[in-house]
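Novice: Please model the complete structure; the sequences and the hints are all you need to start from.
Okay, so the sequence shown: first residue is 0 according to numbering that gives the first Met the number 0, each after it adds one.
Bear in mind the hints are in silico, worked out from the structure with no lab data behind them. The reader is advised that the hints may include incorrect statements.
What the hints assert, rightly or not - Okay, derived cross-link-like pairs now, EDC-like style, lysine to aspartate or glutamate, Cα gap no bigger than 20 angstroms in a straight line:
no.	residue 1	residue 2
1	197	125
2	249	32
3	249	261
4	113	253
5	197	175
6	113	247
7	59	253
8	166	261
9	172	122
10	113	245
11	172	245
12	59	32
13	59	261
14	93	15
15	93	49
16	172	111
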Amino acid sequence: MPAPEIQQLNSPPSLDKPVTCVLIDGSITYSADLRSQAEMAFTLPTPVGESPPFYLLSYKGTPYYYVHFHGVDFTTASKNVQVGFTGTWYVIHKLGVRDAISGAAAGSIHPDMKPGDLVVMDDFVDFSTHRPRSMLTEIWERPPWIGAQYVPPLCPELTNIIRQCAKSYTRGKVFETGTFGQFEGHRFESPGEIRMAKAVGADMVAHHQSSEAIYARELGVHYGAIDYITNIAAGLSSAEEAFVSDAEAKLGYEQCKNIMLEAIILASQRTPACTVCPQSDEQPVDVKNVTAKPVYR
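Specialist: Below, the structure written as C-alpha coordinates:
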(Lines of atoms letter the chains of each structure in order from A and count residues from 1; the text may use other names and numbers.)
(Lines give C-alpha, C1' and ligand atoms only; values in the text may rest on other atoms or scores of the structure.)
Protein backbone atom coordinates (compact mmCIF):
# COMPACT_ATOMS: atom_id res chain seq x y z
CA MET A 1 0.00 0.00 0.00
CA PRO A 2 1.48 3.38 -0.92
CA ALA A 3 2.12 6.01 1.72
CA PRO A 4 -0.56 8.70 2.00
CA GLU A 5 -0.07 11.93 0.13
CA ILE A 6 1.91 14.42 2.19
CA GLN A 7 -0.15 17.47 3.14
CA GLN A 8 1.48 20.84 3.71
CA LEU A 9 -0.26 22.10 6.84
CA ASN A 10 0.13 25.47 8.50
CA SER A 11 -0.63 24.19 12.00
CA PRO A 12 -0.75 20.80 13.77
CA PRO A 13 -3.62 18.57 12.66
CA SER A 14 -6.82 18.52 14.67
CA LEU A 15 -7.33 14.95 15.88
CA ASP A 16 -10.09 13.16 17.76
CA LYS A 17 -7.64 11.41 20.07
CA PRO A 18 -4.55 12.97 21.66
CA VAL A 19 -1.18 11.68 20.46
CA THR A 20 1.37 11.50 23.25
CA CYS A 21 4.35 9.85 21.53
CA VAL A 22 6.61 10.25 18.52
CA LEU A 23 8.76 7.44 17.13
CA ILE A 24 12.05 8.62 15.61
CA ASP A 25 13.94 6.04 13.60
CA GLY A 26 16.05 5.39 10.55
CA SER A 27 17.44 1.97 9.69
CA ILE A 28 15.42 -0.25 12.05
CA THR A 29 12.02 0.52 10.57
CA TYR A 30 13.24 1.15 7.02
CA SER A 31 12.37 -2.32 5.76
CA ALA A 32 9.04 -2.28 7.62
CA ASP A 33 8.16 0.97 5.80
CA LEU A 34 5.83 2.32 8.47
CA ARG A 35 5.07 5.23 6.19
CA SER A 36 2.93 3.02 3.96
CA GLN A 37 0.77 2.13 6.98
CA ALA A 38 0.08 5.75 7.98
CA GLU A 39 -3.36 7.29 8.28
CA MET A 40 -2.04 10.67 7.21
CA ALA A 41 1.22 12.44 6.42
CA PHE A 42 2.01 16.11 6.77
CA THR A 43 4.69 18.75 6.97
CA LEU A 44 4.68 22.00 8.92
CA PRO A 45 6.50 25.28 8.28
CA THR A 46 9.56 25.86 10.44
CA PRO A 47 12.19 28.61 10.77
CA VAL A 48 14.44 26.63 8.42
CA GLY A 49 11.81 25.79 5.81
CA GLU A 50 9.29 22.99 5.41
CA SER A 51 9.72 20.20 7.95
CA PRO A 52 10.45 16.57 7.14
CA PRO A 53 7.25 14.54 6.72
CA PHE A 54 5.51 13.39 9.90
CA TYR A 55 3.21 10.37 9.75
CA LEU A 56 0.23 9.53 11.94
CA LEU A 57 -0.10 5.82 12.70
CA SER A 58 -1.81 3.58 15.22
CA TYR A 59 -0.54 0.42 16.92
CA LYS A 60 -3.06 -1.74 18.80
CA GLY A 61 -5.33 1.27 19.10
CA THR A 62 -2.61 3.65 20.34
CA PRO A 63 -1.92 6.55 17.97
CA TYR A 64 1.60 7.86 17.49
CA TYR A 65 3.59 10.08 15.18
CA TYR A 66 6.51 8.76 13.16
CA VAL A 67 9.34 10.74 11.61
CA HIS A 68 11.98 8.97 9.56
CA PHE A 69 15.44 10.30 10.33
CA HIS A 70 16.83 9.28 6.95
CA GLY A 71 14.00 11.15 5.29
CA VAL A 72 16.16 14.24 5.75
CA ASP A 73 17.60 15.40 2.44
CA PHE A 74 21.37 15.01 2.72
CA THR A 75 22.09 16.17 -0.82
CA THR A 76 21.53 19.92 -0.65
CA ALA A 77 23.01 22.54 1.64
CA SER A 78 19.63 24.09 2.40
CA LYS A 79 18.21 20.78 3.67
CA ASN A 80 21.22 19.10 5.19
CA VAL A 81 21.07 17.08 8.38
CA GLN A 82 21.81 20.05 10.64
CA VAL A 83 18.80 21.94 9.29
CA GLY A 84 16.80 18.73 9.31
CA PHE A 85 17.28 18.32 13.05
CA THR A 86 16.11 21.88 13.65
CA GLY A 87 12.95 21.42 11.59
CA THR A 88 12.19 18.01 13.09
CA TRP A 89 12.45 19.10 16.72
CA TYR A 90 10.63 22.36 16.07
CA VAL A 91 7.67 20.28 14.86
CA ILE A 92 7.94 17.78 17.72
CA HIS A 93 7.62 20.73 20.06
CA LYS A 94 4.71 22.23 18.10
CA LEU A 95 2.84 18.91 18.15
CA GLY A 96 3.02 18.91 21.94
CA VAL A 97 3.99 15.26 22.29
CA ARG A 98 5.03 14.13 25.75
CA ASP A 99 7.29 11.19 24.84
CA ALA A 100 9.85 10.39 22.16
CA ILE A 101 11.17 6.88 21.51
CA SER A 102 14.12 6.45 19.18
CA GLY A 103 15.82 3.56 17.42
CA ALA A 104 19.18 3.39 15.67
CA ALA A 105 21.49 0.94 13.98
CA ALA A 106 24.86 1.25 15.71
CA GLY A 107 28.44 0.09 15.56
CA SER A 108 29.79 -1.66 18.65
CA ILE A 109 32.80 -0.36 20.55
CA HIS A 110 32.29 -2.43 23.72
CA PRO A 111 33.96 -5.84 23.30
CA ASP A 112 30.95 -7.73 24.68
CA MET A 113 28.44 -6.13 22.28
CA LYS A 114 28.25 -8.19 19.10
CA PRO A 115 26.34 -7.75 15.82
CA GLY A 116 22.74 -8.77 16.44
CA ASP A 117 22.71 -7.60 20.06
CA LEU A 118 20.33 -4.97 21.42
CA VAL A 119 21.37 -2.11 23.72
CA VAL A 120 19.11 0.12 25.81
CA MET A 121 20.80 3.52 25.71
CA ASP A 122 21.09 5.34 29.03
CA ASP A 123 23.98 7.78 28.50
CA PHE A 124 25.66 9.62 25.65
CA VAL A 125 28.76 11.45 24.44
CA ASP A 126 28.37 14.05 21.69
CA PHE A 127 31.31 14.36 19.29
CA SER A 128 29.43 16.46 16.72
CA THR A 129 30.79 19.90 15.86
CA HIS A 130 28.41 21.51 13.34
CA ARG A 131 25.03 20.23 14.48
CA PRO A 132 23.06 22.60 16.73
CA ARG A 133 24.40 22.21 20.26
CA SER A 134 21.19 23.58 21.74
CA MET A 135 17.69 23.60 20.29
CA LEU A 136 16.67 26.43 22.59
CA THR A 137 19.28 28.80 21.22
CA GLU A 138 18.71 27.50 17.69
CA ILE A 139 15.00 28.28 17.36
CA TRP A 140 14.41 31.01 19.94
CA GLU A 141 15.86 34.47 19.50
CA ARG A 142 15.71 34.85 23.27
CA PRO A 143 15.53 31.41 24.91
CA PRO A 144 12.91 31.24 27.67
CA TRP A 145 15.38 29.50 29.95
CA ILE A 146 18.80 27.96 29.70
CA GLY A 147 20.93 25.34 31.41
CA ALA A 148 19.39 21.91 30.79
CA GLN A 149 20.92 19.17 32.93
CA TYR A 150 21.49 15.55 31.96
CA VAL A 151 21.63 13.53 35.17
CA PRO A 152 20.27 11.06 34.24
CA PRO A 153 20.75 11.76 30.52
CA LEU A 154 17.58 9.95 29.35
CA CYS A 155 14.13 9.62 30.87
CA PRO A 156 14.28 6.94 33.58
CA GLU A 157 10.63 6.02 33.07
CA LEU A 158 10.90 5.44 29.33
CA THR A 159 14.25 3.70 29.75
CA ASN A 160 12.70 1.22 32.20
CA ILE A 161 9.72 0.68 29.89
CA ILE A 162 12.06 -0.11 27.01
CA ARG A 163 14.05 -2.50 29.21
CA GLN A 164 10.83 -4.29 30.07
CA CYS A 165 9.80 -4.57 26.42
CA ALA A 166 13.30 -5.64 25.37
CA LYS A 167 12.94 -8.85 27.38
CA SER A 168 11.09 -10.25 24.36
CA TYR A 169 14.20 -9.92 22.16
CA THR A 170 15.59 -13.31 21.03
CA ARG A 171 18.06 -12.51 18.22
CA GLY A 172 20.99 -11.75 20.52
CA LYS A 173 21.93 -10.46 23.94
CA VAL A 174 20.13 -7.52 25.53
CA PHE A 175 22.30 -4.94 27.29
CA GLU A 176 20.19 -2.88 29.69
CA THR A 177 22.72 -0.05 29.79
CA GLY A 178 24.94 1.57 27.20
CA THR A 179 26.69 4.86 26.43
CA PHE A 180 26.04 6.18 22.94
CA GLY A 181 28.80 8.03 21.08
CA GLN A 182 27.63 10.36 18.32
CA PHE A 183 29.55 11.45 15.28
CA GLU A 184 27.82 13.53 12.63
CA GLY A 185 28.12 11.23 9.66
CA HIS A 186 27.00 10.74 7.05
CA ARG A 187 30.14 8.66 6.75
CA PHE A 188 31.48 5.94 8.98
CA GLU A 189 34.20 6.69 11.51
CA SER A 190 37.94 6.13 11.21
CA PRO A 191 39.79 3.72 13.55
CA GLY A 192 41.35 6.75 15.24
CA GLU A 193 37.94 8.28 15.93
CA ILE A 194 36.74 4.99 17.38
CA ARG A 195 39.79 4.79 19.65
CA MET A 196 38.95 8.30 20.87
CA ALA A 197 35.32 7.35 21.52
CA LYS A 198 36.38 4.19 23.36
CA ALA A 199 38.80 6.15 25.53
CA VAL A 200 36.01 8.39 26.86
CA GLY A 201 33.61 5.53 27.55
CA ALA A 202 31.36 5.14 24.49
CA ASP A 203 29.95 1.61 24.06
CA MET A 204 28.47 2.09 20.59
CA VAL A 205 28.48 4.72 17.88
CA ALA A 206 25.97 6.15 15.40
CA HIS A 207 24.77 9.50 14.12
CA HIS A 208 21.72 11.01 15.82
CA GLN A 209 20.66 9.93 19.30
CA SER A 210 22.91 12.20 21.37
CA SER A 211 21.42 15.25 19.66
CA GLU A 212 17.93 13.85 20.16
CA ALA A 213 18.53 13.35 23.89
CA ILE A 214 19.85 16.91 24.18
CA TYR A 215 16.94 18.52 22.35
CA ALA A 216 14.33 16.41 24.14
CA ARG A 217 15.61 17.47 27.56
CA GLU A 218 15.68 21.14 26.55
CA LEU A 219 12.09 20.96 25.31
CA GLY A 220 10.80 18.99 28.29
CA VAL A 221 10.12 15.83 26.25
CA HIS A 222 10.63 12.41 27.87
CA TYR A 223 13.12 10.44 25.72
CA GLY A 224 14.15 6.78 25.54
CA ALA A 225 16.18 4.90 22.94
CA ILE A 226 17.40 1.51 21.76
CA ASP A 227 20.32 0.55 19.52
CA TYR A 228 20.58 -2.52 17.32
CA ILE A 229 24.20 -3.50 16.84
CA THR A 230 24.79 -4.08 13.13
CA ASN A 231 28.59 -4.07 13.08
CA ILE A 232 31.82 -3.82 15.01
CA ALA A 233 33.16 -0.27 14.84
CA ALA A 234 36.09 0.56 12.57
CA GLY A 235 39.45 -0.96 13.43
CA LEU A 236 38.19 -3.27 16.18
CA SER A 237 37.54 -6.45 14.21
CA SER A 238 38.32 -8.27 11.00
CA ALA A 239 36.10 -7.53 8.03
CA GLU A 240 34.75 -11.11 8.00
CA GLU A 241 33.05 -10.82 11.39
CA ALA A 242 32.38 -7.10 11.48
CA PHE A 243 28.82 -7.00 10.09
CA VAL A 244 25.56 -8.78 10.78
CA SER A 245 24.15 -10.55 7.73
CA ASP A 246 21.32 -8.92 5.79
CA ALA A 247 19.00 -11.82 6.60
CA GLU A 248 19.74 -11.64 10.33
CA ALA A 249 19.44 -7.84 10.35
CA LYS A 250 15.95 -8.10 8.87
CA LEU A 251 14.86 -10.43 11.67
CA GLY A 252 16.54 -8.29 14.32
CA TYR A 253 15.00 -5.10 12.97
CA GLU A 254 11.54 -6.65 13.07
CA GLN A 255 11.86 -7.50 16.76
CA CYS A 256 13.32 -4.07 17.55
CA LYS A 257 10.42 -2.39 15.76
CA ASN A 258 7.94 -4.36 17.85
CA ILE A 259 9.82 -3.50 21.05
CA MET A 260 9.57 0.22 20.26
CA LEU A 261 5.87 -0.06 19.39
CA GLU A 262 5.08 -1.97 22.58
CA ALA A 263 7.01 0.69 24.50
CA ILE A 264 4.80 3.35 22.93
CA ILE A 265 1.72 1.59 24.31
CA LEU A 266 3.12 1.34 27.84
CA ALA A 267 4.40 4.91 27.70
CA SER A 268 1.00 6.24 26.65
CA GLN A 269 -0.76 4.35 29.44
CA ARG A 270 1.38 5.67 32.29
CA THR A 271 0.81 8.72 34.43
CA PRO A 272 4.27 10.33 34.38
CA ALA A 273 5.95 10.80 37.73
CA CYS A 274 9.32 11.69 36.19
CA THR A 275 10.60 15.06 37.34
CA VAL A 276 13.90 14.75 35.45
CA CYS A 277 12.82 15.58 31.92
CA PRO A 278 10.62 18.67 32.46
CA GLN A 279 13.17 20.87 34.23
CA SER A 280 11.33 24.17 34.24
CA ASP A 281 7.79 25.41 34.71
CA GLU A 282 8.25 27.08 31.32
CA GLN A 283 8.48 23.71 29.57
CA PRO A 284 6.97 23.35 27.11
CA VAL A 285 6.81 27.00 26.14
CA ASP A 286 5.25 28.79 23.22
CA VAL A 287 7.59 29.23 20.30
CA LYS A 288 7.97 32.98 19.96
CA ASN A 289 10.51 35.34 18.42
CA VAL A 290 11.69 32.57 16.12
CA THR A 291 14.63 33.33 13.90
CA ALA A 292 16.40 31.14 11.39
CA LYS A 293 19.90 30.88 12.77
CA PRO A 294 22.91 30.33 10.51
CA VAL A 295 23.88 26.67 10.19
CA TYR A 296 26.87 24.84 8.79
CA ARG A 297 26.78 24.37 5.05
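Novice: Now tell me if each hint is right for this structure.
Specialist: Taking the hints in turn, this is what the structure says about them:
no.	hint	result
1	197 <-> 125	13 angstroms, holds
2	249 <-> 32	12 angstroms, holds
3	249 <-> 261	19 angstroms, holds
4	113 <-> 253	18 angstroms, holds
5	197 <-> 175	19 angstroms, holds
6	113 <-> 247	13 angstroms, holds
7	59 <-> 253	16 angstroms, holds
8	166 <-> 261	11 angstroms, holds
9	172 <-> 122	19 angstroms, holds
10	113 <-> 245	15 angstroms, holds
11	172 <-> 245	18 angstroms, holds
12	59 <-> 32	17 angstroms, holds
13	59 <-> 261	9 angstroms, holds
14	93 <-> 15	17 angstroms, holds
15	93 <-> 49	14 angstroms, holds
16	172 <-> 111	9 angstroms, holds
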